[in-house]
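For reference, the chains in residue letters:
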Amino acid sequence: MSAAIHTSTRPTWRQNIAHALTAAVLTAVVVTPIFGLHLERAGMRTVIQQNWSTVAWACLLVFVVQMLRPLLSSSSMRLPRFQLPAIPARQRSIWIAAALLLAVAWPFFAGRNAVDIATLAMIYVMLGLGLNVVVGFAGLLDLGFVGFYAVGAYTYALLFHWAGWSFWEALPLAGAAAALFGFVLGFPVLRLRGDYLAIVTLGFGEIIRLLLVNLTDWTGGPDGISSIPKPSVFGLELARSPSVEGGTTFHQFFGLEFNSMHMVIFLYLMALALAVATLWISNRLIRMPIGRAWEALREDEIACRSLGLNPMKIKLSAFTLGAMFAGFGGAFFAARQGIVNPESFTFIESALILAIVVLGGMGSQLGVILAAILLTVLPELAREFAEYRMLIFGLVMILMMVWRPQGLLPMQRHQVEVK
Amino acid sequence: MAGNSFLQVDGLSMRFGGLLAVDGVAFGVKDREIFAIIGPNGAGKTTVFNCISGFYRPSTGRISLQGQDLAGLGSHTVAQHGLVRTFQNVRLFKHMTALENLLVAQHRHLRTGLLPGLFKTRGYRESEQKALDNALHWLDYMGLRAFANREAGNLAYGHQRRLEIARCMVTQPRVLMLDEPAAGLNPQEKKDLQGLIEQLRQQYGVAVLLIEHDMSLVMGVSERILVMEHGRPIALGTPEAIRNDERVIKAYLGEE
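Chains A and B supply the protein sequences, listed in that same order.
If you read the first sequence in our numbering, its first letter stands for residue 1, the second for the next number, and so on.
If you read the second sequence in our numbering, its first letter stands for residue 1001, the second for the next number, and so on.
Bear in mind the hints are in silico, worked out from the structure with no lab data behind them.
Treat each hint with caution, since some may be false.
Partial selection, computed: residues in chain B whose CB lies under 7 Å from chain A [said to hold, decoys possible]:
(1) His1076
(2) Ala1079
(3) Arg1091
(4) Thr1097
(5) Leu1099
(6) Glu1100
(7) Val1104
(8) Arg1108
(9) Leu1110
(10) Gly1117
(11) Leu1118
(12) Ala1148
(13) Asn1149
(14) Thr1171
Every residue, glycine too, gets a C-beta built ideally from N, C-alpha and C.
So here's chain A without its partners, still in its complex pose:
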């Protein structure tokens, strides 16, 4: 490529070299503390071990990529905006049935670890879909979503700890408590917009966590609450022997050999059921008048008000429903872990859930599901890179924002059609 064909909008070779050099230097600055210098113990002393070759390689790589950038961006390197093929309604229900069947059947053939990870993925699917209602549908940026998750988890934990409630008794109340928190918080803050709302919700998430840490008498402080029982199968415990004298356990009832795998599979199926329920509800919501109102509000609040729609009420409904899903997720999380403590509800968790929504495509339910699965399964597959997990995570987010800011599977509006 010669300089002659460069148009004025393209950088010249000279600019390009300067640009690439700057990028390489910046890379050196960023990479040196991570790869270049290692603290190592040598006997009594700690020494810094230098490892400059990695840094050099990184800089070289960045330099070359930056030099090639004009080429890459000019040619057809843009990711195509693929859309899912439109599937006719009848075929679609067959596809959904098949996917569901597969999701239900596979844990019986998969390993324990895989099912465990899948359970975790399902929790994040549920949280992602819940936050998607708030962020994707209603366009309200919520950075404290994990607060409602914590409310749900602690509702079950506390009800068990102080009143001996079982999971199934506490589950509806966990959802209700989180929804109530969403409602009460939403009332004063929803008149704020965009960034301001984000900051207030961020603060809310932290307040919840700090309350959990500091209300030591009730919540057990940083230690949290432990030995929370797992859910039972219609009153049948999934344990080797019944916890109550004269009780029947699952394997005794069905005359099976005791197998701890039963519990793992059962938890997975429950998580799947909760995720599917969340999907179904949010899928209905967006087609209902309230869903249309969310979309309209996201587009133009002033026009909404001029038509007699109460923006406060509409935003509050999104906020409350989103919180409710988080509450259900939280109760399940508490039951699965058997222990809750404030450590599980830090800001990074909120950020992760938001990342799931943004990565999947705001408002796109299929995208959110895909992103939730990717973001939980990939870190498990790439265990060797655990140290660099956040680094890779950040890198992926940046690349996504550059190439596909609309998310993996951009939202396709469901439109009401007439002939």
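Guided by the hints, dock chain B onto chain A, whose structure is given.
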């Protein structure tokens, strides 16, 4: 002015810091009347509109609809009382279809309960069907049926204007407030607009409050006209009277 009109505005003033944008405006719109507010740019017409429709809280003054006090209510509450407006620069929900724009506008007439919607009860389906029928009626009425499934933002400008009026009408208003509805329309569309305004009044019994610069439209369609200049009302009367009013001529043409 007697305070027994359909829509009554008294002593309306609006102050923004040191600027008195509207000063002592008073008028009454009768039931089913077509009433226009005109005046040079910056005269405060849209501010009056914003006060009446609840987007601004007036500094002083009373606004009432059929004797019911409206001043100081939120904009959505005012709309729920039957005062619905359009905007100078069209404010449609651009990424929603023309049909969906009309469905959203009917929100408060619909069954919005969570459980009926989730389980598609009969009452819910009937309510949705009614909304759909109403929306289709208005699309037909405005000649927009062919564009029902198009995104509103992709419609031609004239169609967007008509859709915005339709979106007001599906809410079953008592007073239709149009802020410069003819802006950006071609002569034929302006003519159609005049016919439309008269028809809406006749068939649906709405009073129309209009802000407009296009004199032929204003003179042709309104029964009474309020002229404003620098935030103050300077004349109020029939088109005939306004046309011959010295102060109005002076305001528009400047002094000789």
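Item to check | Which numbered hints fail | outcome: No numbers; nothing is violated.
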